[in-house]
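*Asks:* Taken in sequence, the protein lines are chains A and B. Under the working numbering, the first sequence has 67 at position 67, and the numbering climbs by one with no breaks. Under the working numbering, the second sequence has 85 at position 85, and the numbering climbs by one with no breaks.
Hints listed in this document are in silico derivations from the structure and should not be mistaken for laboratory results. Ideal Cβ positions, reconstructed from N, Cα and C, are used throughout, including at glycine. Treat the hints with care, as some may be off.
[As the list claims (entries may be wrong)] Listing some non-contacts, in silico: residues in chain B with all C-beta distances to chain A over 10 Å:
{"id": "1", "residue": "Arg54"}
{"id": "2", "residue": "Leu74"}
{"id": "3", "residue": "Ser88"}
{"id": "4", "residue": "Tyr97"}
{"id": "5", "residue": "Arg149"}
{"id": "6", "residue": "Gln179"}
{"id": "7", "residue": "Glu180"}
{"id": "8", "residue": "Val209"}
[What the hints assert, rightly or not] So the derived list for chain B, only partly shown, Cβ under 10 Å to chain A, looks like this:
{"id": "9", "residue": "Met1"}
{"id": "10", "residue": "Ile5"}
{"id": "11", "residue": "Thr6"}
{"id": "12", "residue": "Val8"}
{"id": "13", "residue": "Ile10"}
{"id": "14", "residue": "Phe23"}
{"id": "15", "residue": "Phe25"}
{"id": "16", "residue": "Ser29"}
{"id": "17", "residue": "Pro30"}
{"id": "18", "residue": "Ile32"}
{"id": "19", "residue": "Leu36"}
{"id": "20", "residue": "Lys40"}
{"id": "21", "residue": "Trp42"}
{"id": "22", "residue": "Arg48"}
{"id": "23", "residue": "Gln57"}
{"id": "24", "residue": "Thr87"}
What follows is the residue order along each chain.
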Amino acid sequence: MNAFWWTSGHLGWGVFALTVFTGIWWLLSDLCWRLLTISISRLLAVMGIAWLVGVACILLGFYVAGW
Amino acid sequence: MIFLITQVTILCFLIIAVVLWGFYFPHPSPLIRRWLPPRKRWPEAQIRHWLKTRKFQRAFLNYFYRDPERTPPLGNSILAPADGAVTSVEVRDGVRYLVIALSFWDMHVQRSPVSGRVVKVESHGSDFMDGEGRQFVFLMKKPCPVQKRVVISTSVGEIAVRLITSLAARRLEVWVSEQEVIARGQRIGRILLGSTVVLELPASVILLVRTGERVRAGETVVAQEMSSA
Chain A
1 MNAFWWTSGH
11 LGWGVFALTV
21 FTGIWWLLSD
31 LCWRLLTISI
41 SRLLAVMGIA
51 WLVGVACILL
61 GFYVAGW
Chain B
1 MIFLITQVTI
11 LCFLIIAVVL
21 WGFYFPHPSP
31 LIRRWLPPRK
41 RWPEAQIRHW
51 LKTRKFQRAF
61 LNYFYRDPER
71 TPPLGNSILA
81 PADGAVTSVE
91 VRDGVRYLVI
101 ALSFWDMHVQ
111 RSPVSGRVVK
121 VESHGSDFMD
131 GEGRQFVFLM
141 KKPCPVQKRV
151 VISTSVGEIA
161 VRLITSLAAR
171 RLEVWVSEQE
181 VIARGQRIGR
191 ILLGSTVVLE
201 LPASVILLVR
211 TGERVRAGET
221 VVAQEMSSA
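Isolated chain B, as found in the complex:
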């Protein structure tokens, strides 16, 4: 009997470990996560090798380029422009900067947080030298930031979405053009192997997310107009 109990106990632990692996994959299982430094939570050496040789595995690229449908919630609230974790909320000169860090495994297509008209699509740092706005923490961390900034005119003022990548990845796609009227939750672009999206909001809006929270592009409500609160 003692053997059976020991065997069943060991098998139960193993099943839990495998189920956790499957549930969190491709993110590391919580059982090994604590022992992995952040750069080892994804196959960094493998990706760097692919970038260097420019030979990517098709299965990986198909996964990385996934673009699932999203259903925006009803109402006029402001949605997250990207999948990822909120890493900082900074107010500077009347603008609230909501920084969303995309993990390597997050979906990399960005969506419009509001409906409105695209006023500007700006490029910064396209020569891979220092881009505009180096004073911001979210850019200081990037060795050579490359950015696209989509400015949308709305009823609460101008709202901008910054797509930021770095020298290693340095590929951004913006799928909207100036003067185009876009819907809430509409796809606006994609960062290829990139990492940060910043939502610039008027300081008057009420923020509904906190640092550390995970958000989903086109689905998670991140802020609300003062009048509709």
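So here's chain A without its partners, still in its complex pose:
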């Protein structure tokens, strides 16, 4: 688990990937909200579910591949 947060003198790839993904996802949600015809609640639900899937994939990849 320690490798998730910090490894070999740099941030763990797990926490780094999660942070970058969350930041980009947040900004992408804003862009989608401006460009698409979709209600805010539906957009939040879709982006929220997609974010959870993304986070699950990152965590799964971290543990399966042993980064």
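Assemble the complex: chain A is given as a structure, and chain B must be docked to it using the hints.
*Replies:* Same frame as chain A, now just chain B:
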């Protein structure tokens, strides 16, 4: 070490992007603004859908109808009647027209630029056909202008505030009536989903704002009487 520097650099860029987003929201972040055409700087398709179905989201309406307190500066200077950007300053027949364009995200309550007595509250274009004054640029751009014009009698002459909206929005509220004495900075009305406010001043006043400047209703001084300059 190289990994750490790369990670920190990427995270710094990301933090800057998110902070800019938060600072400018609901306006688009300057990072994406240049690539968004003006109509995409707000959720236009979403709003048109709401207008069409007449189903508005409550959170959005609460934000749109916000009406914060404002503190007018001391003195007798003439204040901006609306939040927004000054888009033109035109003098015609001895009247100076100061046009303020409200962006979709601006506060939409208008305030009196001066203290005085309301002489007239006129309506134009209430049937959503061509309103009065189509020769003005600020009306030519509107497909079907709908207007309310509040004329206030002051010591420097008559000053008028035009609230202009278009067919799509077409709802104006004026909260003052004829012969009412109003204070400087007092709320005078609201444009619901509207877009333009024009301040009509005597040409003799000294203008203190320029095209492109942003102003705030009831707080920004836009002009001054010649005598007090």
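*Asks:* Next, verify each hint and record whether it holds.
*Replies:* We went through each hint and held it up to the structure:
1. Arg54: 14 Å, holds
2. Leu74: Given a closest Cβ separation of 40 Å, the condition holds.
3. Ser88: 27 Å, holds
4. Tyr97: Given a closest Cβ separation of 32 Å, the condition holds.
5. Arg149: The assertion about B/Arg149 holds, with a minimum of 34 Å to chain A.
6. Gln179: About 44 Å separates B/Gln179 from the closest Cβ of chain A, which puts it past 10 Å; holds.
7. Glu180: 39 Å, holds
8. Val209: The claim stands: B/Val209 keeps its Cβ more than 10 Å from every Cβ of chain A (closest is about 29 Å).
9. Met1: 6 Å, holds
10. Ile5: Constraint on B/Ile5 satisfied, holds at 9 Å.
11. Thr6: Interface hint status for B/Thr6: holds (8 Å vs cutoff 10 Å).
12. Val8: Given a least distance of 8 Å, the restraint on B/Val8 holds.
13. Ile10: With a closest approach of 6 Å, the B/Ile10 hint holds.
14. Phe23: 13 Å, violated
15. Phe25: 8 Å, holds
16. Ser29: The hint holds - B/Ser29 has a Cβ within 10 Å of chain A, the shortest such distance being about 8 Å.
17. Pro30: Violated. Min distance 13 Å.
18. Ile32: 6 Å, holds
19. Leu36: Hint holds; B/Leu36 Cβ to chain A Cβ min 7 Å, cut 10 Å.
20. Lys40: Given a least distance of 6 Å, the restraint on B/Lys40 holds.
21. Trp42: Holds. Min distance 7 Å.
22. Arg48: 8 Å, holds
23. Gln57: 6 Å, holds
24. Thr87: With a closest approach of 22 Å, the B/Thr87 hint is violated.
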